[in-house]
Amino acid sequence: MLYTRKIKLAATALLTSLLLSGCAGSLTRGADTQSVSDIRSTRQVWQDNNVEFEAAAISNKSPFKGQARIAANSYRGRVVLMGQVPTEEMKQQVTEQVKEVAGVSKVYNQLRVEPVIGVSQMSRDSWITTKVKSAFAREAKLKGASIKVITENNEVFLFGYVTAEHANVATEVARNVSDVKHVIRGFVVASNAIDDVEKAAEPEKKEATVEDLTESTPATPEATTTQPKENLTEEESVDYVDSSSRIVEEDI
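In terms of mature numbering (1 follows the signal peptide of the UniProt record, and there is no 0), the sequence shown is residues -26 to -1, 1 to 226.
Be aware that a few hints might be false.
Unchecked claim - Distance condition first, Cα-Cα at most 25 Å in a straight line; then the derived BS3-like pairs of lysine-lysine:
1) K107 <-> K65
2) K73 <-> K107
3) K73 <-> K115
4) K117 <-> K107
5) K105 <-> K115
6) K115 <-> K80
7) K115 <-> K39
8) K107 <-> K35
9) K35 <-> K80
10) K107 <-> K122
11) K73 <-> K39
12) K117 <-> K80
13) K65 <-> K80
14) K39 <-> K105
15) K35 <-> K105
16) K105 <-> K80
17) K105 <-> K65
18) K117 <-> K105
19) K115 <-> K65
As the list claims (entries may be wrong) - Pairwise CB distance ranges, derived in the manner of DEER restraints:
20) K35 <-> A114: 27 to 37 Å
21) E113 <-> K35: 25 to 35 Å
22) A114 <-> G40: 38 to 48 Å
23) A111 <-> Q71: 15 to 25 Å
24) E113 <-> E74: 32 to 42 Å
25) Q95 <-> K35: 15 to 25 Å
26) K80 <-> D12: 12 to 22 Å
27) Q71 <-> N23: 16 to 26 Å
28) V93 <-> N23: 24 to 34 Å
29) K73 <-> E113: 35 to 45 Å
30) R112 <-> V87: 32 to 42 Å
31) R112 <-> P60: 35 to 45 Å
Hints were generated in silico from the structure; no laboratory data involved. For each residue, glycine too, the CB sits at the ideal point set by N, CA and C.
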């Protein structure tokens, strides 16, 4: 009896630790093959994982400890920061520190200047992530798409190396999930996989708003069956949708 209770207490402690350590996120993948392969090498994947760990660890250092909540997603050194900080000044300080992490080439700071969320909100975020993943699994057009979903304070971040069609479909599905207030697209899109890339439609009624951090990268026509080329062109860009829904393009 005592042994069983210890197991339950350990499980509860582990769950609490996981909730406190970062954003509510998960990776979902369909079973079909109508997708593009990750263009990163094994070393790049390892380096991106290390960047994410180092960026998140900043929240445990002075002067951020106890005041900031930081999570990160990295793809080929391009880092998206998520979480909360108390001031705009601290938000910029986080950016500068993340830039110093080995392997980081660009930082997109999506930290919110607001109070750090509590355990109850983290639980709600986990539930939203589950609902978004379930919605993706039910969508036939997303079969084969490997999409990472992270929810932070009712804002859903979408990441992955996908086709343009998968990016747009996933955005529309996520923005219509209940309790989602905002969708941020952090995809890397294989621009040659689909000739005509359309932007997501304007939000209507109860649909969540959308912010676009999507990158376009070239992919080989055989991307669904063979690895794409590693040598990407130097001219890459990231599209944003600001609060007035105007498209702003930034070269990187």
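Status of each hint after checking the structure:
no.: 1; hint: K107 <-> K65; in the structure: violated, 30 Å
no.: 2; hint: K73 <-> K107; in the structure: violated, 31 Å
no.: 3; hint: K73 <-> K115; in the structure: violated, 37 Å
no.: 4; hint: K117 <-> K107; in the structure: holds, 12 Å
no.: 5; hint: K105 <-> K115; in the structure: holds, 17 Å
no.: 6; hint: K115 <-> K80; in the structure: violated, 31 Å
no.: 7; hint: K115 <-> K39; in the structure: violated, 43 Å
no.: 8; hint: K107 <-> K35; in the structure: violated, 33 Å
no.: 9; hint: K35 <-> K80; in the structure: holds, 22 Å
no.: 10; hint: K107 <-> K122; in the structure: holds, 9 Å
no.: 11; hint: K73 <-> K39; in the structure: holds, 19 Å
no.: 12; hint: K117 <-> K80; in the structure: violated, 30 Å
no.: 13; hint: K65 <-> K80; in the structure: holds, 15 Å
no.: 14; hint: K39 <-> K105; in the structure: violated, 31 Å
no.: 15; hint: K35 <-> K105; in the structure: violated, 33 Å
no.: 16; hint: K105 <-> K80; in the structure: violated, 31 Å
no.: 17; hint: K105 <-> K65; in the structure: violated, 30 Å
no.: 18; hint: K117 <-> K105; in the structure: holds, 17 Å
no.: 19; hint: K115 <-> K65; in the structure: violated, 38 Å
no.: 20; hint: K35 <-> A114: 27 to 37 Å; in the structure: violated, 46 Å
no.: 21; hint: E113 <-> K35: 25 to 35 Å; in the structure: violated, 41 Å
no.: 22; hint: A114 <-> G40: 38 to 48 Å; in the structure: holds, 46 Å
no.: 23; hint: A111 <-> Q71: 15 to 25 Å; in the structure: violated, 37 Å
no.: 24; hint: E113 <-> E74: 32 to 42 Å; in the structure: holds, 40 Å
no.: 25; hint: Q95 <-> K35: 15 to 25 Å; in the structure: holds, 23 Å
no.: 26; hint: K80 <-> D12: 12 to 22 Å; in the structure: holds, 19 Å
no.: 27; hint: Q71 <-> N23: 16 to 26 Å; in the structure: holds, 18 Å
no.: 28; hint: V93 <-> N23: 24 to 34 Å; in the structure: holds, 26 Å
no.: 29; hint: K73 <-> E113: 35 to 45 Å; in the structure: holds, 37 Å
no.: 30; hint: R112 <-> V87: 32 to 42 Å; in the structure: holds, 36 Å
no.: 31; hint: R112 <-> P60: 35 to 45 Å; in the structure: holds, 39 Å
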